[in-house]
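Peer 1: Next come the chains, spelled out residue by residue.
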Amino acid sequence: GAVVSQHPSRVICKSGTSVKIECRSLDFQATTMFWYRQFPKQSLMLMATSNEGSKATYEQGVEKDKFLINHASLTLSTLTVTSAHPEDSSFYICSAINRGRNSPLHFGNGTRLTVT
Amino acid sequence: AQSVTQLGSHVSVSEGALVLLRCNYSSSVPPYLFWYVQYPNQGLQLLLKYTTGATLVKGINGFEAEFKKSETSFHLTKPSAHMSDAAEYFCAVSDRDTDKLIFGTGTRLQVFP
Chain V
1 GAVVSQHPSR VICKSGTSVK IECRSLDFQA TTMFWYRQFP KQSLMLMATS NEGSKATYEQ
61 GVEKDKFLIN HASLTLSTLT VTSAHPEDSS FYICSAINRG RNSPLHFGNG TRLTVT
Chain A
1 AQSVTQLGSH VSVSEGALVL LRCNYSSSVP PYLFWYVQYP NQGLQLLLKY TTGATLVKGI
61 NGFEAEFKKS ETSFHLTKPS AHMSDAAEYF CAVSDRDTDK LIFGTGTRLQ VFP
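Going line by line, the protein sequences match chains V and A.
Every letter in the first sequence is one number past the one before it in this note's numbering, and letter 4, counting from 1, is 4.
Every letter in the second sequence is one number past the one before it in this note's numbering, and letter 26, counting from 1, is 26.
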């Protein structure tokens, strides 16, 4: 079964509103979570790395004020797309790992965000 | 910097035919290499990975890949394609100090009856 749960799977929002996406590790403690973005028919681009209890590290070109990442616990990381615009419409995928236990990396099933 | 190149954005095979998906990588240090499969509107499922040791890696669903350092390649193969193999396949690389994956652009596999 799924070990990383991502919610919601689909969300439609109006331009200017904010959307929060949750990524939960179900049966392990995730010391590190990654957030990816995937445009239609394209590859996954790493947006940021979040370690529990510390600020996320954003990849070059990713606006940290636009994409707020919180990793407040060992089982939950959230990505908030603030003041969403149609160009933010994309497929967002999280992945999680427990580095201390050298566990494998697990991916969530993704969230399809559509901004109208 | 690490990078991954997947040759062929689309591959079509007949059911029962050999599947070959190509992946070449660039890395200044010995990499970890991965193949993932993605079904429509879903996340990624790990097929197989190479870290150290045997260069021929066997994965799930009958897939395997061979790490060839001299060719900087990690091609994915399956002897006999099944209809259920139709999906998007991503090759990825990471270094040994982080778990950050760098993905290739993906190859869409179509399987015809």
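If you are wondering where the hints come from, they were derived from the structure by calculation, not from laboratory data.
Treat the hints with care, as some may be off.
Straight-line Cα separation of at most 35 Å, DSBU-like style, residue types lysine-lysine; simulated pairs [said to hold, decoys possible]: (1) A:K100 / V:K20; (2) V:K55 / V:K41; (3) V:K64 / A:K68; (4) A:K58 / A:K69; (5) V:K64 / V:K41; (6) V:K66 / A:K68; (7) V:K55 / A:K100; (8) A:K49 / A:K69; (9) V:K20 / V:K55; (10) A:K58 / V:K64; (11) A:K49 / V:K41; (12) V:K41 / A:K58; (13) V:K20 / A:K68; (14) V:K41 / A:K100; (15) V:K14 / A:K100; (16) V:K55 / V:K66; (17) A:K100 / V:K66; (18) A:K58 / A:K68; (19) V:K64 / A:K49; (20) V:K64 / V:K14; (21) A:K100 / A:K68; (22) A:K49 / V:K55; (23) A:K69 / V:K41.
Peer 1: Against each hint, give a clear statement of whether it holds in the structure.
Peer 2: These are the hints, each one checked on the structure:
1. Restraint check for K100 of chain A and K20 of chain V: the C-alpha separation of about 23 Å stays at or below 35 Å, so the hint holds.
2. About 31 Å separates the Cα atoms of K55 of chain V and K41 of chain V, which keeps this hinted pair within 35 Å; it holds.
3. Using a Cα cut-off of 35 Å, the hinted pair K64 of chain V and K68 of chain A is violated, with the two alpha carbons roughly 39 Å apart.
4. Using a Cα cut-off of 35 Å, the hinted pair K58 of chain A and K69 of chain A holds, with the two alpha carbons roughly 17 Å apart.
5. Taken as a hint, the K64 of chain V and K41 of chain V pair is honoured in the structure, with Cα atoms around 25 Å apart against an allowance of 35 Å.
6. About 41 Å separates the Cα atoms of K66 of chain V and K68 of chain A, which puts this hinted pair outside 35 Å; it is violated.
7. Straight-line distance between C-alpha atoms of K55 of chain V and K100 of chain A comes to about 16 Å, which keeps the hinted pair within the 35 Å bound.
8. For the hint pairing K49 of chain A with K69 of chain A, the CA-to-CA distance comes to about 15 Å; that is within 35 Å, so the pair holds.
9. Straight-line distance between C-alpha atoms of K20 of chain V and K55 of chain V comes to about 17 Å, which keeps the hinted pair within the 35 Å bound.
10. Of the pairs offered as hints, the one joining K58 of chain A and K64 of chain V is violated, with about 39 Å between alpha carbons and a cut-off of 35 Å exceeded.
11. Among the hinted pairs, K49 of chain A with K41 of chain V is consistent with the structure: their alpha-carbon atoms are about 23 Å apart, no more than 35 Å.
12. Under the criterion of a C-alpha separation no larger than 35 Å, the hint pairing K41 of chain V with K58 of chain A is consistent with the structure, at around 27 Å.
13. For the proposed pair K20 of chain V and K68 of chain A, the alpha carbon gap of about 42 Å is over 35 Å, so the pair is violated.
14. At roughly 21 Å between alpha-carbon atoms, K41 of chain V and K100 of chain A fall within 35 Å of each other, so this suggested pair holds.
15. With a C-alpha separation of about 32 Å, the suggested pairing of K14 of chain V with K100 of chain A holds against the 35 Å cut-off.
16. For the given pair, K55 of chain V sits about 15 Å from K66 of chain V by alpha-carbon distance, which is consistent with the 35 Å threshold.
17. Annotation: proposed proximity of K100 of chain A to K66 of chain V holds, straight-line Cα distance about 21 Å (limit 35 Å).
18. Proximity of K58 of chain A to K68 of chain A is assessed by CA-CA distance (about 15 Å); at most 35 Å being required, the pair is judged to hold.
19. Restraint check for K64 of chain V and K49 of chain A: satisfied, since their Cα atoms lie roughly 31 Å apart, inside the 35 Å limit.
20. For the given pair, K64 of chain V sits about 21 Å from K14 of chain V by alpha-carbon distance, which is consistent with the 35 Å threshold.
21. Distance check on the hinted pair: K100 of chain A and K68 of chain A sit about 22 Å apart at the alpha-carbon level, within 35 Å; holds.
22. This hinted pair checks out: K49 of chain A and K55 of chain V have alpha carbons roughly 29 Å apart, not beyond 35 Å.
23. Proximity of K69 of chain A to K41 of chain V is assessed by CA-CA distance (about 29 Å); at most 35 Å being required, the pair is judged to hold.
In this structure, the earlier hints numbered 3, 6, 10, 13 are contradicted, and the remaining ones agree with it.
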